[in-house]
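Trainee: Given the coordinates of chain A, assemble chain B onto it according to the supplied hints.
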Amino acid sequence: MTRLDISKLDVLSLLRFDACTRCGECTATCPTGGEAQDEEMVTPRGKILRLREFYKAQYGLRARLLGPKAVPEEALRELSRRAYECTICGQCRAVCPAHLDTIPMWENMREFLVSNGLGPMPEHQQIVKSIENYDNPWMQPRAQRSRWARRLEEDVKVKDSLKEHSEVLYFVGCTAAYDPNIRAMALDTATVLSRAGVDFGTLGNEEGCCGSTLLRTGLLEQARGMAERNIERFERAAPSVILTSCAGCYKTLRQDYPKVGKLPAEVVHITTFVDDLLRSGRLVPTKRVEGTVTFHDPCHLGRHNLLYEEPRRILRSIPGLKLVEMDRNREEARCCGAGGGVKTAFPDLAARISAMRVGDAERTGADILTTSCPFCYQSLRSSVEKGGSKLRMTDLMELLRSSL
Amino acid sequence: MPEGGYLSERARLYVPFFLGVLLMSAVILLLPYDTVYVRDRAYLHAFLVTVVLCTAVFLLGTLHNVLFWMRGKGLVRSPEGRLLGLLWRAARLLLSKAFARALAVFARDALYLSKLRDRSLSRWFMHLMILGGFLLMFALDLLVTLCMDILGYGPMIEEGGWAKLLFRDLGFEVAGAMMLAGLTIAAVRRFVLRPKIVRTELPDAASIVFLLAVVLGGFVLEGMGIAGGIDGHTQDVEYSFLGYAMSLALPASSGDWYDAAWLVHGVMSALLIAYIPFSKLFHMVATPVAIELEGLASKEGTA
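So the protein lines, in turn, are chains A and B. At position 233 of the first sequence (counting the first as 1) the number is 233 in my numbering, and the numbers step up by one without a gap. At position 110 of the second sequence (counting the first as 1) the number is 514 in my numbering, and the numbers step up by one without a gap.
Pulled out of the complex, with its shape left as it was, chain A reads as follows:
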């Protein structure tokens, strides 16, 4: 009988599993378990109880007295599949009456699954290989990472921060750099920075994947190498601020990188940075952008980093634009369905969740749906198009750039 290796479950996770009161508050609002599938096993409570049952059967008091019990392989595979259906959106943390910080708990559960040969999902393997071979999840050559910048207007200058010092280092992120549908996000961000007279640059083709995908799927060791290499590049560039426009990169650089090494500068998300520029008067939107807009809070920006007001202040600063809120906003915002590797491994599930979020947006009566995360953008735009919604999907920087 093979015993589960519990050495990767951290102390706090083990404590949190016991601290779960089984109240079920998390089951109703869990986007994957409660809302999209009505499947208890996918909900936070379901996963906790099942995992506890398994490790207690092998390490609990009864196991110590009477010997460990085998856990059927198919039951373990089922738990793993269900655990990977979680988008790690953190909605369960927001509602948990026991104040359990569930986000690191789910990430740690995946690390445990990986260490026991139960994760990640086969569908993730291609992305993992791509990151290992190409330094990005999109199987694109390294040499094309900075190609997006060719489409910039002539007056927008982007420095190569490794050759020429810049105050601000813009960490573009793989999705905005490579995905032709998202590239506008990088272009708009660079344009906004340029209009504000910010001294900024990028790592060019040297920028490596932040490793977020690896971290969220439990591949911590692999992600560590990516983090070390990027930190070394940051040190060489020596900026004052590391700026990201991707919510996933932001979470990774800000929360995960400090566990690997010291960063030479503060990590700031574009919404915070631009909000400061607007408030200091360095950036003044003047052109009217007519429409009613609703903002989707990316989980990595909102619940994971508590950035709620900055994007809203930016939207309010744009003349002509009217901001309306979805019923579920800020800490209660519904996930877009793309996070935690769900879109890769379970695209149908991701699409169902995303369609629910688009429904939330449609009910506001808005004609523009905006966000500040390339993954949310991708996911929501796909649902808007497939569902024939009249909403126009935009990135926040696109709206701001239009008003400059």
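Please keep in mind that the hints were generated in silico from the structure rather than gathered at the bench. All C-beta atoms, glycine included, are put in the ideal place defined by N, C-alpha and C. A portion of the hints provided could be inaccurate.
In silico BS3-like cross-links for lysine-lysine, where the CA-CA straight-line distance does not exceed 25 Å [what the hints assert, rightly or not]: (1) B:K600 <-> B:K519; (2) B:K684 <-> B:K519; (3) A:K259 <-> A:K129; (4) A:K262 <-> A:K163; (5) B:K477 <-> A:K259; (6) A:K322 <-> A:K287; (7) B:K684 <-> A:K56; (8) B:K684 <-> B:K477; (9) B:K600 <-> B:K684; (10) A:K390 <-> A:K287; (11) A:K287 <-> A:K157; (12) A:K69 <-> B:K477; (13) A:K56 <-> A:K69; (14) A:K322 <-> A:K390; (15) B:K684 <-> A:K69; (16) A:K56 <-> B:K477; (17) A:K262 <-> B:K477; (18) A:K159 <-> A:K262.
Under 8 Å between C-beta atoms, here's a sample of chain B residues computed to sit facing chain A [to be verified]: (19) G476; (20) L479; (21) D513; (22) I601; (23) V602; (24) R603; (25) H687; (26) T691; (27) I695; (28) L697; (29) E698.
Mentor: Chain B only, in chain A's frame:
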């Protein structure tokens, strides 16, 4: 293979632990208990032995669970050594500025249940009644034991004494009534209303039924004492309002069974304590610890 120091770490944890258990057992067994209501000392001794055993099981079970947490990621030496390190850090916290913050977190999130209040008033009330009743009863138990068995404080012992009426009669009655109210709501919610988020398996049902049986048993016992005119139940019995109401439905002869009922109630209460580490009720221990750790760890609310 454990490194050197493994045995010393275990000794440094287990020796004080077992000495503490022995000391507590000695205190429980050696207190005079001159003023307990039960008349037959054999019942009292049976109860005390059960309490000692059950409390020891509770402590051992809790230690076993806590040591299991300590086996988590990054273990270098022994779980016992890691626990000792954490206990040392907790002790240092007591002397630091962070202690005030820790207390505030505990009061707001673990006792007042702030988050639950924001999400559901009815569930918040239910939990507050159970938790509040339990804590009030525990505090009253300590106070009454101190006053009666150590200080020999007259007004707490004498029939009709102000402290007896206020704490032993009314106080325990209020605490029991709080628990009864909370548990009744919990039972109705779980077994009658059955909202979708509630998942009822045998351990969930057993926990509520067991708790209800213990609390209701307390009122029945009080009613038997009043109906049978047992010592300590003859004056101003209205202070024990629910017990008094119960006594109206009981015959005077029920007093004959008082000692046996007292033992059953006491043993059930003790068994409940022993059951905690091995049941879902262990969240009573783990959740406050988690709340405290999450509260102290969250500086900016980052994950």
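Trainee: All the hints need checking, so say for each whether the structure fits it.
Mentor: Structure-based check of all given hints:
1. B:K600 <-> B:K519: 20 Å, holds
2. B:K684 <-> B:K519: 20 Å, holds
3. A:K259 <-> A:K129: 24 Å, holds
4. A:K262 <-> A:K163: Satisfied, since the Cα-Cα distance of roughly 22 Å is no more than 25 Å.
5. B:K477 <-> A:K259: 15 Å, holds
6. A:K322 <-> A:K287: Holds, because 14 Å separates the two Cα atoms, which is no more than 25 Å.
7. B:K684 <-> A:K56: 13 Å, holds
8. B:K684 <-> B:K477: Since the Cα atoms of B:K684 and B:K477 sit roughly 24 Å apart, the hinted pair holds (cutoff 25 Å).
9. B:K600 <-> B:K684: Satisfied, since the Cα-Cα distance of roughly 19 Å is no more than 25 Å.
10. A:K390 <-> A:K287: At roughly 24 Å apart (the allowed maximum being 25 Å), A:K287 and A:K390 satisfy the hint.
11. A:K287 <-> A:K157: 23 Å, holds
12. A:K69 <-> B:K477: 22 Å, holds
13. A:K56 <-> A:K69: 9 Å, holds
14. A:K322 <-> A:K390: 17 Å, holds
15. B:K684 <-> A:K69: 21 Å, holds
16. A:K56 <-> B:K477: 17 Å, holds
17. A:K262 <-> B:K477: 22 Å, holds
18. A:K159 <-> A:K262: The given pair, whose Cα atoms are some 24 Å apart, holds under the 25 Å limit.
19. G476: 4 Å, holds
20. L479: It holds, given that the least Cβ distance between B:L479 and chain A is near 7 Å, below 8 Å.
21. D513: With a minimum Cβ separation of about 6 Å from chain A (threshold 8 Å), the hint on B:D513 holds.
22. I601: 3 Å, holds
23. V602: 6 Å, holds
24. R603: 6 Å, holds
25. H687: It holds, given that the least Cβ distance between B:H687 and chain A is near 5 Å, below 8 Å.
26. T691: 4 Å, holds
27. I695: B:I695 check passes; min Cβ-Cβ to chain A is 5 Å, inside 8 Å.
28. L697: 7 Å, holds
29. E698: At about 5 Å, which falls below the 8 Å cut-off, the nearest Cβ of chain A leaves the hint on B:E698 intact, so it holds.
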